[in-house]
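Given the sequences, and given the hints that come with them, work out the whole structure.
There are 2 protein chains.
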Amino acid sequence: MVNVEVVKIGSNIVNNAQVLNQFLKDFSQVSGLKILVHGGGSKASELSREMNIPVHMIEGRRVTDEDSLEIVTMVYAGLINKKIVAKLQSYLCNALGLTGADANILAAHKRINSEHDYGYVGDIDWVNIAGLKGLFDAGVVPVFSAITHDGKGQLLNTNADTIAAELAMAIKEHAQVKLTYVFEKKGVLYNREDESSVIKHIDYSIYKDLKAEGIITDGMIPKLDNCFKALEAGVQEINIGGPEMFKVDNELKTKLTWN
Amino acid sequence: MVNVEVVKIGSNIVNNAQVLNQFLKDFSQVSGLKILVHGGGSKASELSREMNIPVHMIEGRRVTDEDSLEIVTMVYAGLINKKIVAKLQSYLCNALGLTGADANILAAHKRINSEHDYGYVGDIDWVNIAGLKGLFDAGVVPVFSAITHDGKGQLLNTNADTIAAELAMAIKEHAQVKLTYVFEKKGVLYNREDESSVIKHIDYSIYKDLKAEGIITDGMIPKLDNCFKALEAGVQEINIGGPEMFKVDNELKTKLTWN
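Chains as they are written, first to last, in the working numbering: chain A, 1 to 259; chain P, 1 to 259.
To be clear, the hints were calculated from the coordinates, so they are not data collected in a lab.
Here the structure is a predicted model, which is why all the values come from computation and not from measurement.
Among the hints, erroneous ones may be present.
Pairs of lysine to aspartate or glutamate residues, derived as EDC-like cross-links and limited to a Cα-Cα distance of at most 20 angstroms, are as follows [stated by the list, open to error]:
| id | chain 1 | residue 1 | chain 2 | residue 2 |
| --- | --- | --- | --- | --- |
| 1 | P | Lys133 | A | Asp137 |
| 2 | A | Lys43 | P | Glu66 |
| 3 | P | Lys43 | A | Asp65 |
| 4 | P | Lys152 | A | Asp26 |
| 5 | A | Lys25 | P | Asp150 |
| 6 | P | Lys208 | P | Asp225 |
| 7 | A | Lys152 | P | Asp26 |
| 8 | P | Lys25 | A | Asp150 |
| 9 | P | Lys200 | P | Glu237 |
| 10 | P | Lys185 | P | Asp225 |
| 11 | P | Lys229 | P | Glu173 |
| 12 | A | Lys43 | P | Glu46 |
| 13 | P | Lys186 | P | Glu237 |
| 14 | P | Lys43 | A | Glu66 |
| 15 | P | Lys43 | A | Asp67 |
| 16 | P | Lys186 | P | Asp225 |
| 17 | A | Lys133 | P | Asp137 |
| 18 | A | Lys43 | P | Asp67 |
| 19 | P | Lys43 | A | Glu50 |
| 20 | P | Lys223 | P | Glu59 |
| 21 | A | Lys43 | P | Asp65 |
| 22 | A | Lys43 | P | Glu50 |
| 23 | P | Lys43 | A | Glu46 |
What follows is the structure, encoded as structure tokens:
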């Protein structure tokens, strides 16, 4: 391992077959060691509805009960992961799909929260770098779905953004790491209504200001908190933008750095 | 690779959580290189029913249309595969779950049948032995679900017995291979009503006699045809029996050989 690129694709990319396909084609062209982490998309919710499995929420956050865990394991680790792997293979990218349980790459524990029980949600304890290196040596491109395990036989639902950040933080001790978040916008926007208002560079002090000014709000906050945690831990640079980043060199995107 | 043990567990083992758990515990104790292949169990049919997806049959054989393929990919490659992997990891067996698409280990083509279209069903073309060796070198125990791909992005439903046999036939060119089919009986029975009537040894000429006499019938015929194809191709010995085989040394079982 010398350079490793960790790329996370969000649910809106996964949901759009055409966009996903073009992204996978471009990703397969990225040279060197690389890892793909994918979000879940809307299929899990659709399936829950079709199967009349109620979605429990606590303060706007989904509770992963046993039925929900079965659904996300089927959809994330089964359907989406394997479709992505088969597509990458067709582009001659030697993909291998994984959960954190496979080859014991991501060990987690069930989230402890004194007020609420969010169910089978996992917080990552450590990344098995030797295991990951073994897979790179075997010549494969790991493709992670957002499922981990506790080492005691229990699968756990884990945020895909967090998995990408934890992988990058662990890899940076052994290699140069590049972390990229791909989503449906061209980057973090000044003005949500204006797709071209991409903020080209955000460091931690700018980030605090943008939050205080109400420019960065809602769902972008946990996303960027997660990024700045990785930057603080020593990941050098994180890029956020649209899938075109992998095709057009000077494509708009947001670069995040600690300083 | 010097010795490799390929073990296939049938649907009735997968369906019984307690039996499956005990088997996985025993399997994790098997020393040396090993591969697990698992059948689907009844969950895919249950899910199809819950989702009101009709099951199409032609002459008693299931047609895998697009909806059915999604279901089996979710259930086999997602739910069952990952539950097995997490359980094996808890027994310190470094399992890694796969379809044939992952690391491009099993390449197949959509079955060609001039009379009927069985849908997305795959017949295996070749086994990627170098890829498999890479995984063994990485120290993992491959766990295959019954899904392959065509290399052009299409996943395919493939019989788990066949996957186990094809793996064994490919491995035997490079290593000593032991192939074992685990199911709910203690072996091939003389008398279906008598669990203790296990036929201890069947070679090809005995097999032909047993079929002619109507002792081996129905579902056992494609199962054993599959085994004798592997034996004819040079796999030395195949054992068929119950999960206790992995715990009790002198447990009843059926040994199959070509001569």
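Each hint tested on the structure:
no. : hint                : in the structure
1   : P:Lys133 / A:Asp137 : holds (11 angstroms)
2   : A:Lys43 / P:Glu66   : holds (15 angstroms)
3   : P:Lys43 / A:Asp65   : holds (19 angstroms)
4   : P:Lys152 / A:Asp26  : holds (16 angstroms)
5   : A:Lys25 / P:Asp150  : holds (17 angstroms)
6   : P:Lys208 / P:Asp225 : holds (10 angstroms)
7   : A:Lys152 / P:Asp26  : holds (16 angstroms)
8   : P:Lys25 / A:Asp150  : holds (17 angstroms)
9   : P:Lys200 / P:Glu237 : holds (13 angstroms)
10  : P:Lys185 / P:Asp225 : holds (18 angstroms)
11  : P:Lys229 / P:Glu173 : holds (15 angstroms)
12  : A:Lys43 / P:Glu46   : holds (19 angstroms)
13  : P:Lys186 / P:Glu237 : holds (17 angstroms)
14  : P:Lys43 / A:Glu66   : holds (15 angstroms)
15  : P:Lys43 / A:Asp67   : holds (13 angstroms)
16  : P:Lys186 / P:Asp225 : holds (19 angstroms)
17  : A:Lys133 / P:Asp137 : holds (11 angstroms)
18  : A:Lys43 / P:Asp67   : holds (13 angstroms)
19  : P:Lys43 / A:Glu50   : holds (16 angstroms)
20  : P:Lys223 / P:Glu59  : holds (18 angstroms)
21  : A:Lys43 / P:Asp65   : holds (19 angstroms)
22  : A:Lys43 / P:Glu50   : holds (16 angstroms)
23  : P:Lys43 / A:Glu46   : holds (19 angstroms)
The structure is consistent with each of the numbered hints, conforming to all of them.
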